[in-house]
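Chemist: Sequence:
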Amino acid sequence: MSLYKLVRPVIFKGDPEVDHHLVASGLKMFNKTPEVLEKMFQAKKPNNIKVTVKGVTFDSPIGIAAGFDKKAEFYNSLGALGAGFVEIGSITKNDQPGNKKKRIFRLPEDNAIINRMGLNNLGVEETRRHLANTPKHVKVGISVAPGHGLNSEEMVQEMVEDIKEIHSFGNYIALNQSCPNQKGVTTLQEIPVAKNLLQKIHNLHIKEPVFCKFGNDITAKQLIELIQETDGLMDGIILTNTASNPSPIHDNLKSAHKNEGGGLSGKPIFKKSLSLTRAIHEAFPNLPIMFSGGVFTPEDAKVALDAGASLVQVYTGFIYNGPTLMKQINQYLSENEIINSNDYQNVCEAPIRDSGDITVIPINEDKKVELDANSGASFHE
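Residues in the sequence shown are numbered consecutively from 8, following our numbering.
Errors might be hidden in some of the hints.
[Stated by the list, open to error] What follows is a list of derived Cβ distance ranges for each label pair:
no., residue 1, residue 2, range
1, K109, S362, 49 to 59 Å
2, I231, D26, 35 to 45 Å
3, K39, A357, 27 to 37 Å
4, N266, G363, 49 to 59 Å
5, E342, L29, 26 to 36 Å
6, L13, T304, 16 to 26 Å
7, V43, P253, 42 to 52 Å
8, Q235, M36, 39 to 49 Å
9, P369, T59, 28 to 38 Å
10, P16, T304, 12 to 22 Å
11, S175, K228, 31 to 41 Å
Note that these hints are calculated values from the structure, not bench results. Glycine included, each C-beta is placed from N, C-alpha and C at the ideal position.
With the hints as constraints, model all of the structure from the sequences given.
Modeler: Here's what the structure looks like:
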């Protein structure tokens, strides 16, 4: 048993958000000198696990999901612990405090977490300043989300403006279209809204690939139809965001906090993320998939890659299994030559951007199909 797992029961007695701030404070100390942390943990990445996805070469296919480094303060430190990429944010145009505390709950019997943070962040301008002041030693994705209290058209326009301001500071852009912790965000998964958003982003003609992040609650049929209707406008997808409460997954939870409102992450959502990954990879084999949801072990990461994912994100597994998790996964992938045995040729080429603008189809409110427009309304401040 690792040292971290021995002390974890003591750590888990504290408030999760306070614990996160303590960890963040420690990691921030090494963000400008990540090589020190890499040496301390002996977490240098093996050379044979590099992958190229949409023109971006990652030192490892294993990264950290959005929500861990919300403020772009310690991405290099996470890279030094073994992450091949770190997705910062989600960020909104203006700074947001998020929902009322307490808003994070550990579910140890289920190897899970429920959070209802509410997209708390520093805003585009301050986040951009953080990225500009500290050179990147790891690939960085920037997760962009809409601000609170906007309608569909306002959400789309604000996200497009944010991307225009900050895209050059990241290696890829992630569109948070599925956060269950702020009212209305999941309407961005509806076909007319998603299509409008992606068309407007296309007309920015940015070089960075754009990944769309979808919720754990969406069905494979809905997702396949959405991808078909957006007609190649997304460069990749992230599967999946947290699961909303209530959902069928919550019925099998055992922990005392199982009925808390918010998004469920961790082991319980692994199977659904995996089933969506398999379905989308089968339907669209050339579309890169970034797997997210319940990866706790090297074997979990292998299963996700074998299902068709090109990249894998960890979050809750990192919290439960400690700072050496990514190093363990990297070593496993290297020793078993997992990356070399998978075909990544179809997803490695950089996006091809048309030089001209395309026609943007207005959002027809009459034809919108609400997926979960009120998600988060019961606890949002």
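Chemist: Take the hints in turn and mark each one as holding or not.
Modeler: Hints versus structure:
1. K109 to S362: 49 to 59 Å: Given about 51 Å between the Cβ atoms, the range holds.
2. I231 to D26: 35 to 45 Å: holds, 39 Å
3. K39 to A357: 27 to 37 Å: holds, 30 Å
4. N266 to G363: 49 to 59 Å: Holds: the Cβ-Cβ distance is about 52 Å, inside 49 to 59 Å.
5. E342 to L29: 26 to 36 Å: This hint holds: roughly 33 Å between Cβ atoms.
6. L13 to T304: 16 to 26 Å: Once the Cβ atoms are compared, 18 Å apart, the range 16 to 26 Å for T304 and L13 holds.
7. V43 to P253: 42 to 52 Å: holds, 46 Å
8. Q235 to M36: 39 to 49 Å: At roughly 47 Å between Cβ atoms, M36 and Q235 fall inside 39 to 49 Å, so the hint holds.
9. P369 to T59: 28 to 38 Å: holds, 37 Å
10. P16 to T304: 12 to 22 Å: Between P16 and T304, where Cβ atoms are some 20 Å apart, the hint holds.
11. S175 to K228: 31 to 41 Å: holds, 37 Å
Checked against the numbered hints given earlier, this structure breaks none of them.
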